[in-house]
Structure formats: C-alpha cells, structure tokens
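As given, the protein sequences belong to chains Y and R, one line each in that order. Quick note: the first sequence uses numbering that gives the first Met the number 0, first residue 0, plus one each step. Quick note: the second sequence uses numbering that gives the first Met the number 0, first residue 0, plus one each step.
Every clue listed holds true.
Remember, identical chains collapse to one label, so a pair may be satisfied in a single copy or spanning two.
With a Cα cut of at most 27 Å, we get these calculated DSSO-like pairs of lysine-lysine:
(1) K376 with K218
(2) K376 with K22
(3) K22 with K471
(4) K194 with K376
(5) K73 with K101
(6) K168 with K73
(7) K376 with K366
(8) K23 with K376
(9) K242 with K101
(10) K376 with K469
Hints in this document: simulated from the structure, not taken from any laboratory.
Number of protein chains: 2
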Amino acid sequence: MHTQINNTDPVQKAAEAFVQYRKKSAEEKALFLEEIAEQILALGDELIRTACSETNLPEGRIMGERGRTIGQLKAFAAMLREGSWLEASIDTAIPDRAPVPKPDIRKMMVPLGPVVVFGASNFPLAFSTAGGDTASAFAAGCTVIVKAHSAHPKTSVLVADAIRKAVEKSGMPDGIFQHVSGGRHLGESLVTHPKTAAVGFTGSTSGGRALFDMAASRKNPIPVFAEMGSINPVIILPGTLEKNTAALATSYAASISLSVGQFCTNPGLLLAIDGPGIDGFREALSNEFSKLSKGKMLYDRIHESFVQNREKVLANTSVTLIHHSEEAVGELEVTSTMAEVSGSDFLQQQFLQEEIFGPYALLVVCKNEEELISAWKSVSGQLTTSIMGTDQDFSNYSSLVDDAIQIAGRINFNMVPTGVEVCPSMVHGGPYPATTDSRFTAVGLTAVKRWIRPVCFQNAPDHLLPVELKNKNEKKIWRLVNSELTQRDI
Amino acid sequence: MHTQINNTDPVQKAAEAFVQYRKKSAEEKALFLEEIAEQILALGDELIRTACSETNLPEGRIMGERGRTIGQLKAFAAMLREGSWLEASIDTAIPDRAPVPKPDIRKMMVPLGPVVVFGASNFPLAFSTAGGDTASAFAAGCTVIVKAHSAHPKTSVLVADAIRKAVEKSGMPDGIFQHVSGGRHLGESLVTHPKTAAVGFTGSTSGGRALFDMAASRKNPIPVFAEMGSINPVIILPGTLEKNTAALATSYAASISLSVGQFCTNPGLLLAIDGPGIDGFREALSNEFSKLSKGKMLYDRIHESFVQNREKVLANTSVTLIHHSEEAVGELEVTSTMAEVSGSDFLQQQFLQEEIFGPYALLVVCKNEEELISAWKSVSGQLTTSIMGTDQDFSNYSSLVDDAIQIAGRINFNMVPTGVEVCPSMVHGGPYPATTDSRFTAVGLTAVKRWIRPVCFQNAPDHLLPVELKNKNEKKIWRLVNSELTQRDI
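Chain Y on its own, in the form it takes in the complex:
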C-alpha cells in the first residue's frame, strides 16, 4: 500500500513526522506555536522590508499583519492549554443496565494527518506560510506542507526559516513542516498524494475549485477547505441612505479602496433603493472616489485580471460610471472605480456578480423594496453581507436578518466588512463559492475544526486513554461527563 519511500517526497516525510508530532502534549505544541511567533518577530525589519517590496503593501499594513500572525499563533497556543476544543466527552458505564449493560465510552478530537497549505497572495503573512491555515493545522496536531505563493517567494522563505528554527528549538520532528515551491504540477502532486489528509487554500474560485475537484476524485477523497471568491454585498436601507448619505459614502469608499481593494471581504456590491438620498449618495461616492490615489497591486496576474475584468464590466451598456479615473498609471498601478447598474439589469446579468478582485464596486439601484431584496438574494454564497440601517429601517425590514443568514458566514450591521477580527466568535467562511464547505471557518479558533476528527474509546482501561480522557482530569479541561459540562474528575 502507498508506502513509496522517497527522501524527496515531502508528503511521505510529513506522514512520518505525523507519527511523532501527534503524540506531543498540548503544552509541547503550545510552546512550539509560541516559538514560531518568537522566531517571526526575530526576523525583524528584514521581514517587513521584504514583504513590503514583494507585495507593494505599505509598512503599516505589513506590521499589522505580522501582529495578527503572531496573535493567531499565540491564540492557538492558549486554545491548546485550555482544552475545550477537543470536545472531550465521557459517558461512564452502567454495568447493570437492562437489557444490556452500558459500556464506558469516551470521545475526543484527533488530528487528520499531513495538511497541504496554499497561502494567499493578499496576506503574505497572516494567510500564508505561517498564517491561519498553518497555525490551526499545527494546533490540531497535523504536520504541514506549505506551497509557497509565487507572489511573495522571499517573504515565504524567510517565514519558513523562522518555522524551521522553531521546529529545531522545540525539539519537534524535522518533517513537521516543509516549504516547497513550484507550479501547478507540484500543487496537483501534493493534493493527490495518497498520504495527504487535507488541504487548505485561500485564493481564486477557479484555483480553489480545481483543488477541490482533484481531492474529490481521489481514490480516498480528502477534505479541502478553499476560501475563494466573495463580493460581500451591502444592503443600504432607505432610512440610513437618506440620513447618513455622506458618512456611508466615506466609509465605503475607504473600505473598497483599502489595500488597493485586495481583500476577500472587500464590499464589491452596494444595493440601495432609488429614492431620497440616492442622488446624494452617488455624488458623495463620486467625490470620495475622486480623492482616492492610485495604488500598486500585489503582482502581475492579479493586476492583469483586475484590468481585464473591470474593462469587461464597464463595456456593458447597462453599466454606468460613478467614478473612473483615466489617470496615467505606472506598472501594476490601478485607480479605484465605482460603477452603477439598475436592479433589473443586475438581476438579468449573472456575470455582474463575479468578483473583480481589486478597488472596484458596483452600486445596484433598485426600483423598490422587492427588487432590492431579490437582487440581494440572487447572489451566490458569500463570506460576508452587511446591512446598513437606522433603528427604523431595522423594524421595517426585520426579515432581512433571516435572509442574510442564508447568504453569508458573517453579517455586519452598520459596519464595513473589511477588517476581520480574530476571535472565537469570528466566522470567515460561507456557502459556496465563498468556500468549498460552509461548515467551517478559516479565521478564529474554530478554524482548527477543519483538521480534526472525533474518535471514541469504548471500555478502555484508564491507563491507555489519552490524558484528556482519563478519570483524573489532570488538565482541568471542560468535558461533557454524562451530558453535564464539568471540569471535575470522574
């Protein structure tokens, strides 16, 4: 069976290291994650400089992203020590139950195996080499193979070196982390390798879907969590449109153009009703967009796609411009564009729903409430959707929340969707094509659930049980004992 031993085979190496790593204690894994954070910090300015130069993102943004990357690693370390993520559950035996005795059964989560991570181009640190997928997979007890993103190869190598130093300092097995570079063929060989247990991906819908299809057609299918396209529709209710016209335009222009529009939570679609406020909103948007400066995109492929996709939409006769600059731009540079379409034209033209990754958004002006709701509900699965409204709006449109739940993984109220908080309650996921599996999230501590599975032990001698399931609750973790949540010993 699939045991081709090959020293240059990263998945085989990861599978061998998995045998060791999965047995490490929660404390050992936590210390390892914290050591990665230390080593990334120790890269100092070189990391910041390299990432800035490879991505065209400003220093402040990269500094913030480093903070987030380190924060994630530390949060997963804390999660490991706290222990409730293991969903430990114990049902004790009832030997005299009739007609048959009830056996002792104890359950907890265990890691899946080697995880292949394809990082994002737009988050060179927080969603890349030591980003959320890698951190959550390590926390799960999985070993990791990162395929470096070609948009920031030097940044990726620096971070990989930091992880390797942490591996060494923490006395972890060498094959626990591997960093490989190559093209599509390498990606395919990693995803189809018999010993790969799961895949994490952040990027385009076509890229994510290709990996999903490869994984699903394996002899033994494996889970792929791909976080893909999203246009993050924002529904602007009439009351707030009229009352907060300028403030809405200001905050949305800023959100749409933030980091040259290169966020998966970028609000690419604004929906509103033709009525009081709409002219002022259009004018205010135009004014705000005219103040935006041009910006350099991440790399050539993203730049090319943006220019092409924007051209395609603007060539459509139903689409009018709110603001579009013809300003001369340098290499990789783009300006922000705000366009407009009627609700009925939007509903008739499916391609207007496609994500245009970059500083672009479409305002859909609907003739009435019914069309507004139809246009909103016509979009495919999303990472986020936002509802902008006054208290009066919310009481007029109370069923919007129920509709929103069907559309997206995160529902914002009177906030822009960019800026993803890393905390236990965060959901960064959503129905397809936002992700390939809406039951999981890529951000927040529950991101670990993508890489774990439950195992139960029936009638096991106490000394053979994992420490988290023994009678004595040594780590004082929360466990469900005979259906009661407790930190007590048995």
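Please arrange chain R on chain Y, whose structure you already have, making use of the hints.
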C-alpha cells in the same frame, strides 16, 4: 436562477418549507421530534409486524430498534432544549481598543437547508425513514426528503405517515418532510437538485461513493455524509488468545452472526499471532459456528452479493475454512462462515479486505508481532477496530492505541464492536471508505454537526439577534463569552 416552481418537485417544496421551519424555536422543534416518537409508538404492532415481514429480522430486534429510534428522537429533543450544540459564542465590543476598536461579534450554528436521506436496508427503523439522519437533520432545523429503501417499502410508508401526522399535529409546514420512492434516477435528481443542501446515506461503498461523486461535481458542491463499508478488524493479543480462548470464540461467533451478520460494525476480520492458543481458538470457533443456525437475509440483492462474494473468497487457494456449512438453505437463507488466511497472504491480496456483508469473518494468522501489526495497519479506514488483550498484553503493546486511532472512529477494548450505544460520546464514523468524511459521526448527538454551519453577527442590535445570542441568556444555555464558558447574561 434555479427557481423552477413545480408542485411535484420535492426539493423545491422542502426549500420553501425550510424558510418557515428554520425560524421555529428550539422548544417547537423539540416538541415536533417528541411527537414523531409518539406517532411511531402509536403505529403499535402493525409497524413491528410489517418490519419483521419485510426484513426477516426477529421481533425482538425490531422492538429494540423501535426503542432506539424513539430514544434518538427524544435525545435530539433534549439537545435542542439544552442548547450547547449551537456553539454560541460572544465576544463583546472593546470600543476604546487601539489601534482600532473591537466590534461586538456573536456566533452560533444555523441549519444548511433541505437534506436528502437515503436510509439503510439493515436498520429499517433506526437508520431509515425516521432514523438518525432524519432526526439529526430535523434537530438541526433542516427539512428532509427521504428516499424510501426498496428493501422495506411498507415499513417506510408507515413511518412516513407517522412523521406526517406529527408534522400536522405540531403545526409544522407541510413540506418539512417528504417521502419519495423510485430508482437510481430519482436519487440522482435529488442529489443534483440546486436546492438540495446536503445528503445523508447509509449503505454500500459503491452506492455512497456514487452519491459523493454526484454532489462533488455539482456547480455548487454540497456535503455528503455516506456511511459505507467496514470490516471492523479485531486484533487479538497473544496473552488473551491463550488465556480466554473459549470466551473469545463464543463472543465473536455470536457477534459475527448477529442479525445474520448484517451490521456495519460486524467484526469481519480477526487478527492473531500463530502461537499458544491459536489451535484452540480455531477449534472453538469451528465449534461455535457449527452451533449457529441458518438465517434469512434482508432482501434479494444483499443475499446475492453475500453468496457471490463469499464464493469468490473461498475460491482463493490461500483461504482455508474454519467452518462452512453446506446445509440446504431456503430462499434468502444463508449459513455463517469462518475462514482463515495467513498474514502474508492477507497482505498480498487486497481483495481480502473487501467487506462481505453478512455472517462471514476471516481469521488472519500472522507469523509474528510485526506481521500482525502490518496486517492490521494495512486495512483502509474503518468504523471500528477492537483490541482484545490482558493487562499484560496492553503493557507489551502500548503503541497499539495510537495506531488504532489512525484506523477507525471507534476503538473497542475487550468487547465486540456490534451494538452501537447512542450517547454523546459515541462516534459512528471513520476514515474513508468507512465514511466520506471522517470529521463527522452518524450516531450520537454530534451527528447534528453534519447539517449545520456557523454564522456570526457583527455589531448587531440586540433585538435583531437570535434568542440564543441576545444579552439576556433567556434559555440559560452554555455560551463562550469572551473566551469563558458560562450560562450568565451579558
């Protein structure tokens, strides 16, 4: 967009009912589940007689299964009232956090949408029309379309009628439950319907894989939880083989032949080392098997497969017989068979690992410890694996537990794997091909996780939040508030 309105389209009807059902309170859903249990009980003897006559299973077994079916429904009702399955999580705002304020974020689980259920032939009640998949999907807040199993059509109709009565009595929307009959083409149309959100299946590997492939190749892929083949390997350690020879043979012969071997947890593979005890074990098994009476299988297709597959294995020159009766059998009847193969022959012949659904098991006699472990680890993903040993065995073979975790979803110690306890700690799942997704279970309360996804609300006004996430914890459910598990209000 996919809004073909058709009164005879069950998925469309289920999608419309979903809009109503998902808004029902936990208490309303709990009462509905309990009402289904009542209505099934109210079918009385007719249900028992019909199921016995359609499945050839004895009355005691069907009575027990009815109890389990009702118990499941009630357990999910209790889960709904208790509330922690929603994984409610609240991170309150920190408006003065620098550099940016922290918004209020609150998360909980919501239902996926219409679920298509393909019931099992071997559990006409507990894994069929109102079985675990249906009960867990209803608990999740999903609507359900059951494709009746052709092996027990009348039983299925009776149970469907009971569910319909419960729908009516509970004031639930009509389309919440639908019961359809038909062939492969109907199944395909249900799985590929744009509004189907998920699929539950219990049956053969080929059947489950076909549904998985259909779902994965949809424009919008949906999750399929298929519980499929398993041979449930049992590793018998030398000490117990020598010491408990007769008891082992007795309990395993009974487990292998229970319900004419038609359990997915049937121990179809016993692994032991050639040494003291093996001759006695072989002899005791032969003796036990000779005492077993012939039995009638569930229906023609299963009977045919069993006879064919058993013939195929017995025709193999490396396989010898421990017990095989040539007794005359009537329609659908079979006798129990115990065969034997050497460890090396087992390792070389992949087809010996294939499940033979029915009263058949293979004893693999290994030349030494190394071969024993190799043979055991060579099997593909399993629902269960069992370790039989004395205290001394367990200290000699301590790494077995870690190996077992990689093989199966449930690990038994000194017990037979048949008899699946329905409790929070139960895992009835495992790596492919035991199931299509090892991260879930088909039995136990966490079976509900197959049909739910997380949604978070950011900066939501309290009155727009679901009751479970409001400041006031009216239902006193367990919630993670700022990383602390509590039942308190905010």
